[in-house]
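Q: Given only the sequences and the hints, what does the whole structure look like? Please build it.
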Amino acid sequence: MIEAQNLTKLFDGYAALDQVSCTIPDGCIYGMVGSNGAGKSTFLRVLTGIYKADGGCVTIDGQPTWENPALKQQMMFVPDELYFLPAANLLRMKDFYKNLFPTFDEQRFHQLVEAFGLPAKKPIGTFSKGMKRQAAILLALSARPRILLFDETFDGLDPMMRKLVKSLICNDVAERNATAIITSHSLRELEDTCDRLVLLHKGDVVLQSEVTDLKTGVSKVQAAFGYEYSIKLFDDLDLVSFSKSGSVANIIVRGEREEIQSKILAKNPLLYEVLPMTLEEVFLYEMTAMGYDFSQVLEELSHD
Amino acid sequence: MTNRFFSFRLFKEGLRQSRLVGLIGLITVVAFTLLIAVGIIADDATYVHYQTYSFYTVSLVLIAQYCVFSPIMVLYLFRYLNRRDSSDFYHTIPHKREALHLSYFAAVEFWNVVTTLAVAVTVIGVYNLTPYATLQYTTMLPFLFNMLVAQFAVAASVLLAMSITGTGFSNLLVALMIIFIPRIITTSMASMIQNVCVVADIFEQVPLLDPALNIAAGLPITCVIAVFNGFGDPVRCLTDPICGLYTLGLGMITFAAAIFLLHRRKSETATKSSPARWLQAIYRIAFGAVLGLPAVAVLFNAIISDDIGDIGYWIGIFALLFGAILFYFLFELIATRKPKNLLTAIPGMFIFLAIDAVLLMTCFGLGHSILNFTPDADDLDYITISVEDENYFVANASKIHIEDSEAKAIAAECLQDTVYKVKQKVIGRHRYYGISYNYYLDGQGYTALRIGYNTAMGTQYRYVMLDSEQRQALTAAVETDQNYKDCFYDFPSEDAVVFASFAFGGDELSHDEAKTLYRSYVAEAKTLPFDSWYGTALSCHTDYGYSFTTRSDLGCVVLKPTRDGKEYNMTLNIFPELFPKTSRVLTDMVNRDCERQMADMKALLTSLQGKTLNNDDYSKEGEYLNMAIEPIVPNEYYLRGVDANDIHFVLTLLAQSEPFTWQEDHVAVGIAANYYNTAESKSERNYHVLVGIPYDVLEPYLVPTE
Numbered sequence: 016m017i018e019a020q021n022l023t024k025l026f027d028g029y030a031a032l033d034q035v036s037c038t039i040p041d042g043c044i045y046g047m048v049g050s051n052g053a054g055k056s057t058f059l060r061v062l063t064g065i066y067k068a069d070g071g072c073v074t075i076d077g078q079p080t081w082e083n084p085a086l087k088q089q090m091m092f093v094p095d096e097l098y099f100l101p102a103a104n105l106l107r108m109k110d111f112y113k114n115l116f117p118t119f120d121e122q123r124f125h126q127l128v129e130a131f132g133l134p135a136k137k138p139i140g141t142f143s144k145g146m147k148r149q150a151a152i153l154l155a156l157s158a159r160p161r162i163l164l165f166d167e168t169f170d171g172l173d174p175m176m177r178k179l180v181k182s183l184i185c186n187d188v189a190e191r192n193a194t195a196i197i198t199s200h201s202l203r204e205l206e207d208t209c210d211r212l213v214l215l216h217k218g219d220v221v222l223q224s225e226v227t228d229l230k231t232g233v234s235k236v237q238a239a240f241g242y243e244y245s246i247k248l249f250d251d252l253d254l255v256s257f258s259k260s261g262s263v264a265n266i267i268v269r270g271e272r273e274e275i276q277s278k279i280l281a282k283n284p285l286l287y288e289v290l291p292m293t294l295e296e297v298f299l300y301e302m303t304a305m306g307y308d309f310s311q312v313l314e315e316l317s318h319d
Numbered sequence: 008m009t010n011r012f013f014s015f016r017l018f019k020e021g022l023r024q025s026r027l028v029g030l031i032g033l034i035t036v037v038a039f040t041l042l043i044a045v046g047i048i049a050d051d052a053t054y055v056h057y058q059t060y061s062f063y064t065v066s067l068v069l070i071a072q073y074c075v076f077s078p079i080m081v082l083y084l085f086r087y088l089n090r091r092d093s094s095d096f097y098h099t100i101p102h103k104r105e106a107l108h109l110s111y112f113a114a115v116e117f118w119n120v121v122t123t124l125a126v127a128v129t130v131i132g133v134y135n136l137t138p139y140a141t142l143q144y145t146t147m148l149p150f151l152f153n154m155l156v157a158q159f160a161v162a163a164s165v166l167l168a169m170s171i172t173g174t175g176f177s178n179l180l181v182a183l184m185i186i187f188i189p190r191i192i193t194t195s196m197a198s199m200i201q202n203v204c205v206v207a208d209i210f211e212q213v214p215l216l217d218p219a220l221n222i223a224a225g226l227p228i229t230c231v232i233a234v235f236n237g238f239g240d241p242v243r244c245l246t247d248p249i250c251g252l253y254t255l256g257l258g259m260i261t262f263a264a265a266i267f268l269l270h271r272r273k274s275e276t277a278t279k280s281s282p283a284r285w286l287q288a289i290y291r292i293a294f295g296a297v298l299g300l301p302a303v304a305v306l307f308n309a310i311i312s313d314d315i316g317d318i319g320y321w322i323g324i325f326a327l328l329f330g331a332i333l334f335y336f337l338f339e340l341i342a343t344r345k346p347k348n349l350l351t352a353i354p355g356m357f358i359f360l361a362i363d364a365v366l367l368m369t370c371f372g373l374g375h376s377i378l379n380f381t382p383d384a385d386d387l388d389y390i391t392i393s394v395e396d397e398n399y400f401v402a403n404a405s406k407i408h409i410e411d412s413e414a415k416a417i418a419a420e421c422l423q424d425t426v427y428k429v430k431q432k433v434i435g436r437h438r439y440y441g442i443s444y445n446y447y448l449d450g451q452g453y454t455a456l457r458i459g460y461n462t463a464m465g466t467q468y469r470y471v472m473l474d475s476e477q478r479q480a481l482t483a484a485v486e487t488d489q490n491y492k493d494c495f496y497d498f499p500s501e502d503a504v505v506f507a508s509f510a511f512g513g514d515e516l517s518h519d520e521a522k523t524l525y526r527s528y529v530a531e532a533k534t535l536p537f538d539s540w541y542g543t544a545l546s547c548h549t550d551y552g553y554s555f556t557t558r559s560d561l562g563c564v565v566l567k568p569t570r571d572g573k574e575y576n577m578t579l580n581i582f583p584e585l586f587p588k589t590s591r592v593l594t595d596m597v598n599r600d601c602e603r604q605m606a607d608m609k610a611l612l613t614s615l616q617g618k619t620l621n622n623d624d625y626s627k628e629g630e631y632l633n634m635a636i637e638p639i640v641p642n643e644y645y646l647r648g649v650d651a652n653d654i655h656f657v658l659t660l661l662a663q664s665e666p667f668t669w670q671e672d673h674v675a676v677g678i679a680a681n682y683y684n685t686a687e688s689k690s691e692r693n694y695h696v697l698v699g700i701p702y703d704v705l706e707p708y709l710v711p712t713e
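Which chain is which? The protein sequence lines are A and B, in order.
In case it helps, our numbering puts the first sequence at residues 16 to 319.
In case it helps, our numbering puts the second sequence at residues 8 to 713.
A couple of the hints might just be wrong.
Stated by the list, open to error - Derived DSSO-like pairs (lysine-lysine); straight-line CA-CA distance at most 30 angstroms: (1) K67/A to K345/B; (2) K345/B to K273/B; (3) K137/A to K113/A; (4) K67/A to K273/B; (5) K217/A to K345/B; (6) K19/B to K136/A; (7) K67/A to K103/B; (8) K273/B to K144/A; (9) K279/B to K147/A; (10) K103/B to K113/A.
Stated by the list, open to error - Ranges between beta-carbon positions, derived for each pair: (11) G140/A to F267/B: 33 to 43 angstroms; (12) D76/A to K347/B: 41 to 51 angstroms; (13) F267/B to D69/A: 12 to 22 angstroms; (14) N21/A to R271/B: 15 to 25 angstroms; (15) K347/B to N21/A: 28 to 38 angstroms; (16) R271/B to K144/A: 27 to 37 angstroms; (17) V231/B to K144/A: 42 to 52 angstroms; (18) Q34/A to L337/B: 38 to 48 angstroms; (19) G140/A to T141/B: 50 to 60 angstroms; (20) H270/B to P134/A: 30 to 40 angstroms; (21) G140/A to V120/B: 30 to 40 angstroms; (22) F267/B to G42/A: 33 to 43 angstroms.
Stated by the list, open to error - For the chain B half of the interface with chain A, some residues (derived, Cβ under 7 angstroms), not all of them: (23) D92; (24) T99; (25) H102; (26) K103.
Note that these hints are calculated values from the structure, not bench results.
A virtual CB, placed ideally from N, CA and C, is assigned to each residue, including glycine.
A: Here is the structure:
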């Protein structure tokens, strides 16, 4: 289990991470979203021991990750800015990783090279951006680490490759109880892959939740009534948001869908409909309810 | 093999990544060493008598390993620290940072050791395979040790620079600053202090100021300054184990600092010239302080030479200061690439100027403090006597504590006289560069001795000048000390005679002839009054001018006696006035082929009469003739120089010459002629003769030496 407690990282006085706390259980795909400068990459770099935290700590199974080779051996980090050894091809990189990671699976490496269709003997420096990213991903997956860290990894991958990578990550998580942390600007990119999502903003965690909870725990309901009413009519519901236009009420409400349905139907509506919600909308409404105005940020995230 | 500090796998990875530079270095250094060794041997194969070479002289290319390849390897292997992506990459690998850096550094050291050993094997192999030259191995181990240490120290310095900087430019600049700035400052200080306290050897007073101590910086610095004034000793850097040990200590401190700072280094330092503004300010100020040193040196010289009122000096000082300030700001601009930082650099400019001012005052203070040491005889517990160049006799004699009150009184008086003369600027920097050698001043011959003055505060060594009267008084005083006197009659055995060469006649003495000569020399030395032999043994006799054997390249007999594991170079001083028998033995040996040489020389010169010759450029096409004539005995004359146009004059002299035989009223004259015809590349001819010419024949051409 990965645990961050009051994690703080400063750059020239600016807090890239400001007392971030979160818990990431084993066997989970953890999505981190946030705009530029939110602290996603910094979090991963602190976790992998690239950066030393200026405050708080991050541990795996209770062990701090800073200068901890035993834990680092269980982690593979695919950063947003990729690096390969000078003039190296995939085979050279495989040798390098094989020396460092005892779990490196050479057979899987060759399988993945074939699956990705990459030339193993060609210098990686001659690869396109997408091919380089594929190379980094397949090397990370071949190492069969316990924890996989992907920073903006899906950028530059075509949809087919994105699907392949996602399925490979899911398989690793399912088969080996591995943990994956994936950062992205795009909520949509993560919503079909991740078990848990966290929203970072200006170095702070503003929301974290199970994706299924987010999707099923909040409902958008449109209902019309043949009598005058106010928000008080819904006092028995856990409202996130309420708006009224004529006789039609638009409400966002937390709770089990069946329970909500029965409570609203008991109020004799002329019209009742549960509308589908995107993850962005769920985030937006939850943020607003918490007093944040993230409409612009979330709009950016949904467009990315 | 993996632990906190080392990983064999990372070491192998380091070797793999550095092999390009490592192999280029190995091949280059070994190939050039081989070329030089073979070249020397090929040259020696044409000689009758084969030469002996010190190991280090034929392995000098190894210097390139520490100056060029070792630092390049560190820059190449650790360059990942300068890029964010690569820095992040290496910091994620499952090893402690120390293990990564130490293992990679070990790879650099591997190439250094392999290259050094390859050079040693090459040189030993080549010289063992050839009969034409022999290798002297005494300097081999110290030289190899010093080179390995220098390679390590330079590599550690570059690593330290890389630990606190994050761009290629700043890596290089800070590395150069770490290596050179301390030594440039200390050497400049030493040079300035030495100019004030000319009576003392500054390196003896403050050994840490000696640039030769630190091989990494000292070798280039001493090589550069040796060109100008001989201050510093490049050879010492190469072969003195003290320099090696000092450099090793310094290198280890630097290396430990580098590893510590690399451990603390933040990955985000990559691409930044410096991780913190204050550190950038330190680089800049240190750089500025060094840039200001030429101005400080000029100001210092102006002050000690009483030229402070000279406007020319001030123009020079301000021009140098302006240049220093200009480069100071340029450095900031290039390093940070932000013009706005020039403003924040302004306070630093005043700091570096203040540092230079403090250096200037420190040099004056320290210099005068050393110069003002003039103890009274009553304050002296004992004195020791030696000369600048320690020789076989002096090595032991200098250890004898002379407690004789007369000797102490003379020594104290001589020091006071010498210091007074220095302060009055009668001697010292104005008249002569130093006072460690004998010379004439205002018609008086002075002997320079190195005297150790032991007081309750310890022993201080000073170079003092003794006039003839003082020298005789001191000699008479020390003669009463039997232990001291005995040191000068402990002659090396004949087996120590290793080399004898004579330029005249183009031949050398055989080993047996050299031994015969030495035997005669020792026999005569034992019969000499102590004063005469003492002066000769100390090589400080001014009464007899130049020794017979050191005049005009006549040749020399060199002994290499060893005592207590230390080898000495000892050249026999054969003054004709003191060693008449030995001088005759030597003359006979030199002149054994004189008549044939004279005939050949006459024939050559006669055949060249009327021809167009050159004697100033050996490489010019045509016929080259170089001639030299020098009176040897007596030695108080010189003869005007001769060139290719003086064939007739030389032939005239030769016609009135005969092999020198110590006849009354004859002057011993060395005549040499060297002829070379470029059209016939093998026609070089060399003739050297020692002839006797009646004084009255030569008199019109003689010029007194003093």
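Q: Please go over all the hints and tell whether each is borne out by the structure.
A: We went through each hint and held it up to the structure:
1. With a C-alpha separation of about 28 angstroms, the suggested pair K67/A and K345/B falls inside the 30 angstroms cut-off, and the hint holds.
2. In summary, the hint linking K345/B to K273/B is supported, as the alpha carbons are separated by about 22 angstroms, within the 30 angstroms threshold.
3. Distance check on the hinted pair: K137/A and K113/A sit about 19 angstroms apart at the alpha-carbon level, within 30 angstroms; holds.
4. Of the pairs offered as hints, the one joining K67/A and K273/B holds, with about 8 angstroms between alpha carbons and a cut-off of 30 angstroms not exceeded.
5. In summary, the hint linking K217/A to K345/B is supported, as the alpha carbons are separated by about 28 angstroms, within the 30 angstroms threshold.
6. A threshold of 30 angstroms between alpha carbons decides the hint, and for K19/B with K136/A the separation of about 21 angstroms falls inside it, so the pair holds.
7. Our distance criterion of 30 angstroms between C-alpha atoms is met by K67/A and K103/B, whose separation comes to about 13 angstroms.
8. Taking the CA atoms of K273/B and K144/A, the gap is about 27 angstroms. The hint holds against a cut of 30 angstroms.
9. Proposed proximity of K279/B and K147/A is supported: the alpha carbons are some 26 angstroms apart, at most 30 angstroms.
10. Annotation: proposed proximity of K103/B to K113/A holds, straight-line Cα distance about 18 angstroms (limit 30 angstroms).
11. For G140/A and F267/B, the Cβ-Cβ distance of about 34 angstroms falls inside the hinted range of 33 to 43 angstroms, so the restraint holds.
12. The hint said 41 to 51 angstroms for the Cβ distance between D76/A and K347/B, and at roughly 48 angstroms that hint holds.
13. Checking the proposed 12 to 22 angstroms range against F267/B and D69/A shows it holds: the Cβ atoms sit about 20 angstroms from each other.
14. Remark: the range hint 15 to 25 angstroms for N21/A to R271/B is upheld by a beta-carbon distance near 22 angstroms.
15. Under the hint 28 to 38 angstroms, the C-beta atoms of K347/B and N21/A, about 36 angstroms apart, fit the expected range.
16. At about 34 angstroms, the beta-carbon gap between R271/B and K144/A stays in the expected band of 27 to 37 angstroms.
17. In this structure the supplied range 42 to 52 angstroms holds for V231/B paired with K144/A, their Cβ-Cβ distance being about 50 angstroms.
18. Under the hint 38 to 48 angstroms, the C-beta atoms of Q34/A and L337/B, about 44 angstroms apart, fit the expected range.
19. Hint check: G140/A to T141/B, Cβ distance near 53 angstroms, so the stated range 50 to 60 angstroms holds.
20. Restraint check, H270/B to P134/A: a C-beta distance of roughly 39 angstroms satisfies the suggested window 30 to 40 angstroms.
21. Separated by about 32 angstroms at the C-beta atoms, G140/A and V120/B satisfy the suggested range of 30 to 40 angstroms.
22. Look at F267/B against G42/A: about 40 angstroms separates their beta carbons, and that is inside 33 to 43 angstroms.
23. Annotation: D92/B was flagged as interfacial toward chain A, and the flag holds, the nearest CB pair being 4 angstroms apart, inside 7 angstroms.
24. Using the Cβ-Cβ criterion of 7 angstroms, the hint placing T99/B at the interface with chain A is satisfied: the shortest such distance is roughly 5 angstroms.
25. For H102/B, the shortest C-beta to C-beta distance to chain A is roughly 5 angstroms, which falls under 7 angstroms, so the interface hint holds.
26. Annotation: interface hint on K103/B holds; nearest CB of chain A at approximately 6 angstroms, less than 7 angstroms.
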